[in-house]
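**Student:** Sequence:
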Amino acid sequence: MNSDNKLLLYMHIPKTGGSTMKNIIKKQYAPGDVWFHMEKDMLPKLEQKMKKSELKVVGGHCWYGLHQHFDRPYTYFTMLRNPIDRVISEYYYILERPHHKAYPKVTSMDLLGFVRQFQLKSSNQHTRRLSGNIHSPNLETAIENIKNDFTVVGLSEMFDESLFLMKKSFGWEDIHYQKVNVTKKRPLIDEIPENVKAELKIRNELDLELYEFARKLLQEKVEQLDSESKQELENYMKRNE
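For the sequence shown, my numbering begins at 3 and goes up steadily by one.
Errors might be hidden in some of the hints.
Claimed, not checked - No more than 30 Å apart at the CA atoms, straight line, and that leaves these computed lysine-lysine pairs for BS3-like:
(1) 8 with 51
(2) 107 with 29
(3) 170 with 149
(4) 203 with 8
(5) 8 with 170
(6) 58 with 149
(7) 203 with 187
(8) 58 with 232
(9) 24 with 47
(10) 107 with 123
(11) 53 with 187
(12) 232 with 28
Everything labelled a hint here was simulated from the structure, so no lab data went into it.
Use the sequences and the hints to build the structure in full.
**Tutor:** Listed below in structure tokens is the structure:
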């Protein structure tokens, strides 16, 4: 399992299947080998934990650059999602949860208001995180980081293929899953007003390009699998239909 003993850094981007991913990751390792607490005030505790034990996976709503806190070889992995769909899902996710810290403000807004008021949540979230720059997302930097430091960048829309590549890359075993924390009461993209979709596309121009880059890269990795692995993937996907 992860024979080169790199620390695996799971970048959980909101509304990309992260809760399901966490459950899958937890099945692969002993409880003490995984850390999923990434609040700002938890970083000193994590650094202390790293000094006392050999964590194998660190994950959460983190940004590129987390590796700088650890003196160990590392690699990142993450999941992306159609950027427009991701923002829509996050808006309706917050509306379903009165205890969410953004709920008091979001509950009085329509989707367009959310997009305009919560710019960090609704514009280029993927690029912000993967470039490691929350205020000035840089597409070229994000792409270079993917090329240099990410073993797998999966897609929610190709969830099974993404998981399978992680299994092969990290030596995982049981990757069967049930999707959890799914936003239930939300419209489809086609049901969103055209003016809202147009603004979402403008505000997520970098993410749309990054998503397309990641999609092509993922598809290439699937196509490069040997015939035995392709058959294994096909069987796995059939079981999940």
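**Student:** Are the hints correct? Go through all of them and say.
**Tutor:** Going through the hints against the structure:
1. 8 with 51: holds (17 Å)
2. 107 with 29: Roughly 37 Å separates the two Cα atoms, so the pair is violated.
3. 170 with 149: holds (18 Å)
4. 203 with 8: violated (37 Å)
5. 8 with 170: Satisfied, since the Cα-Cα distance of roughly 15 Å is no more than 30 Å.
6. 58 with 149: holds (22 Å)
7. 203 with 187: holds (22 Å)
8. 58 with 232: Holds, at roughly 28 Å.
9. 24 with 47: Status holds; Cα separation ~20 Å.
10. 107 with 123: holds (13 Å)
11. 53 with 187: violated (44 Å)
12. 232 with 28: holds (25 Å)
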